[in-house]
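Just so you know, the sequences run in chain order A and B. Counting in full-length UniProt numbering, the first sequence runs from 1 upward without gaps. Counting in full-length UniProt numbering, the second sequence runs from 1 upward without gaps.
A portion of the hints provided could be inaccurate.
[What the hints assert, rightly or not] Just a few of them, taken from the derived set where beta-carbon distance is under 8 Å, the chain A residues facing chain B:
| # | residue |
| --- | --- |
| 1 | L31 |
| 2 | R135 |
| 3 | A145 |
Calculated from the structure, these hints are not laboratory results. Where a beta carbon is used, it is the ideal one built from N, C-alpha and C, also for glycine.
There are 2 protein chains.
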Amino acid sequence: MSHIKYKILNQVKPDFQAIETALKENLGVHLDLVSEVAGHILFSGGKRLRPLLMCLSARICGYSGGREAFFSTIFEYLHAATLLHDDLVDGGRLRRGKPAAHFVYGNEIAVLTGDFLLARSLSIASETQNTEVIRVIAGITENMAQGEIHQLTQKENLKLKEQEYMEIIRRKTAVLIEGACKTGALISKSGDSAVNALAEYGFNLGMAFQMADDLLDYISDTKSLGKAVGADLREGKLTLPVIHALESASEQDRILMEKIILNKDFSEYEFNMLKNMLNKYKGIEYTKNKAKEHTICAKQMLSIFKDSAAKETLIDIADYALARKS
Amino acid sequence: MSHIKYKILNQVKPDFQAIETALKENLGVHLDLVSEVAGHILFSGGKRLRPLLMCLSARICGYSGGREAFFSTIFEYLHAATLLHDDLVDGGRLRRGKPAAHFVYGNEIAVLTGDFLLARSLSIASETQNTEVIRVIAGITENMAQGEIHQLTQKENLKLKEQEYMEIIRRKTAVLIEGACKTGALISKSGDSAVNALAEYGFNLGMAFQMADDLLDYISDTKSLGKAVGADLREGKLTLPVIHALESASEQDRILMEKIILNKDFSEYEFNMLKNMLNKYKGIEYTKNKAKEHTICAKQMLSIFKDSAAKETLIDIADYALARKS
Chain A
1 MSHIKYKILN QVKPDFQAIE TALKENLGVH LDLVSEVAGH ILFSGGKRLR PLLMCLSARI
61 CGYSGGREAF FSTIFEYLHA ATLLHDDLVD GGRLRRGKPA AHFVYGNEIA VLTGDFLLAR
121 SLSIASETQN TEVIRVIAGI TENMAQGEIH QLTQKENLKL KEQEYMEIIR RKTAVLIEGA
181 CKTGALISKS GDSAVNALAE YGFNLGMAFQ MADDLLDYIS DTKSLGKAVG ADLREGKLTL
241 PVIHALESAS EQDRILMEKI ILNKDFSEYE FNMLKNMLNK YKGIEYTKNK AKEHTICAKQ
301 MLSIFKDSAA KETLIDIADY ALARKS
Chain B
1 MSHIKYKILN QVKPDFQAIE TALKENLGVH LDLVSEVAGH ILFSGGKRLR PLLMCLSARI
61 CGYSGGREAF FSTIFEYLHA ATLLHDDLVD GGRLRRGKPA AHFVYGNEIA VLTGDFLLAR
121 SLSIASETQN TEVIRVIAGI TENMAQGEIH QLTQKENLKL KEQEYMEIIR RKTAVLIEGA
181 CKTGALISKS GDSAVNALAE YGFNLGMAFQ MADDLLDYIS DTKSLGKAVG ADLREGKLTL
241 PVIHALESAS EQDRILMEKI ILNKDFSEYE FNMLKNMLNK YKGIEYTKNK AKEHTICAKQ
301 MLSIFKDSAA KETLIDIADY ALARKS
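Whole structure, please, built from the sequences with the hints as guidance.
What follows is the structure, encoded as structure tokens:
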């Protein structure tokens with residue numbers, strides 16, 4: 001385990017445990033099957049990044065209401081709901097190293113359990129008694145659904161532009177992380193400057209995280225990833241490493257890359273050839289740099305807060321966004 | 001058209017038109033495809049029962065804030081979201097006389113557009129600035145998802161009891177109509193007695209509506225229904241007419257009925273034979289009576305309100321629940 005990961009895990013241990021407990025206690029399910037399916041996705045080793053970010057954001061704002069772990073479950077339930085629906089949409093077979101829920105329980109149950117988790121997150125949001133929080137949560141869900149649909153309509157579009165990619169990942173990933181951080185500030189009854197700073201921190205962190213995630217599909221391996229590498233490409237999803245390389249490639253290389261991309265049954269040899277192209281045309285490097293810019297922006301947003309353990313951890317998480325291997 | 005239907009349509013005309021306008025104006029979509037799919041389900045001749053009930057409930061409480069049509073879209077978006085997901089879950093091919101959205105656009109788009117509509121309804125709920133309304137909406141969604149899953153797990157269960165059937169239809173249908181009526185009272189800032197009375201009215205109306213709906217599968221025809229008759233049975237869904245007849249039938253007849261039910265490819269001849277059994281063992285009559293009891297309860301709940309046009313229409317709608325043919 002890398003030093004930074006170890007340091008973060010150590011810093012967030014009490015929050016992490018409080019979140020695990022809250023997730024189990026507040027599922028509020030009345031049917032065994034829902035409990036099982038929700039548990040399948042919820043308790044399979046998630047990082048709890050989103051609830052942790054909400055708790056840390058609350059703490060950096062001086063929150064002391066004692067309900068942060070409870071409220072933070074909003075973001076894990078919401079995240080789990082979208083994973084259930086997205087895996088079904090993408091046809092993904094593995095999730096966190098386990099068979100995806102729709103393969104184990106069927107599409108019907110996966111759809112309905114996703115709906116339930118979405119509703120559960122909203123019920124908990126309503127308990128904040130803060131209509132701005134609820135507005136944020138509803139807005140996240142609207143954006144995520146539209147981001148996923150947008151991505152779906154752009155499948156196999158070899159002409160996808162960087163700007164459109166950015167808009168897709170903003171909606172499908174960054175708004176949720178932005179919302180988690182913003183909610184931490186909102187429940188602390190912080191002023192606009194703190195709310196906006198944490199929202200911006202979350203947005204930039206979310207963009208960096210998704211780019212890092214998209215990179216992993218080309219630089220990691222199936223075992224550490226817990227899902228198949230090359231999956232994005234097999235699903236016809238063009239991400240920044242590929243978009244940039246396609247834009248920069250010679251005509252001959254571009255045609256070769258397009259052939260591999262459109263043939264979703266590519267061999268390992270072909271996939272490696274494509275990866276070489278991503279390096280040759282600096283698709284990997286460019287994406288790393290873009291992600292890095294966002295982590296720098298994220299950290300800058302924290303400058304208005306005085307030093308604290310929570311601030312240090314939020315900075316570490318931004319650095320870790322780029323360093324992670326899975 | 002029956003006299004009562006004509007009378008209701010005439011009474012609610014201004015509300016109906018305001019709701020249609022609000023549904024178009026507040027979809028708040030940024031992608032053409034989402035707009036098209038949402039429109040496919042939203043603008044295919046729905047009765048707008050749920051938003052109408054919310055508007056009438058607000059009016060019976062003396063609401064004059066002028067935002068009832070806007071807020072009432074919550075309940076049509078929510079309803080449309082569940083139709084999209086349920087049709088997918090049930091594999092239903094027809095909806096309101098048109099091919100179901102998942103057949104036209106695929107499961108992926110149907111799931112995600114459902115998510116979007118769900119989120120949209122919550123965004124509008126958050127604009128009420130009323131956390132009790134939001135709690136109600138989130139609770140509806142939780143209940144509906146669990147009700148659908150409950151029904152799914154009871155498929156082809158020939159031993160399904162009336163009580164369990166009642167619990168399933170409460171969750172999958174009645175809570176939404178209850179919530180629409182309750183929200184009408186809540187946005188009017190009415191006291192507990194009005195809020196509870198309208199919630200109870202909605203609950204009982206919802207129960208009666210679902211029972212009437214389940215009856216239509218045996219007493220209507222595909223053309224007036226806009227979807228295939230006998231569909232419930234083909235999906236393995238046992239509803240009250242069947243549950244009651246199975247409980248009352250002689251052993252010989254019960255075995256015959258069970259054979260038809262478990263053979264989902266039943267012929268028209270077999271389906272008619274089953275319908276004869278439902279009549280012979282009073283499954284139809286019993287269900288009609290149960291539904292009628294609920295409409296009586298619903299109407300009684302309105303006694304605390306003074307006479308008004310809205311009250312008269314709410315009473316008419318309760319009567320119509322039983323009289324409708326589609």
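Each hint, compared with the structure:
{"no.": "1", "hint": "L31", "verdict": "6 Å, holds"}
{"no.": "2", "hint": "R135", "verdict": "4 Å, holds"}
{"no.": "3", "hint": "A145", "verdict": "4 Å, holds"}
Consistency note: the structure conflicts with none of the earlier hints.
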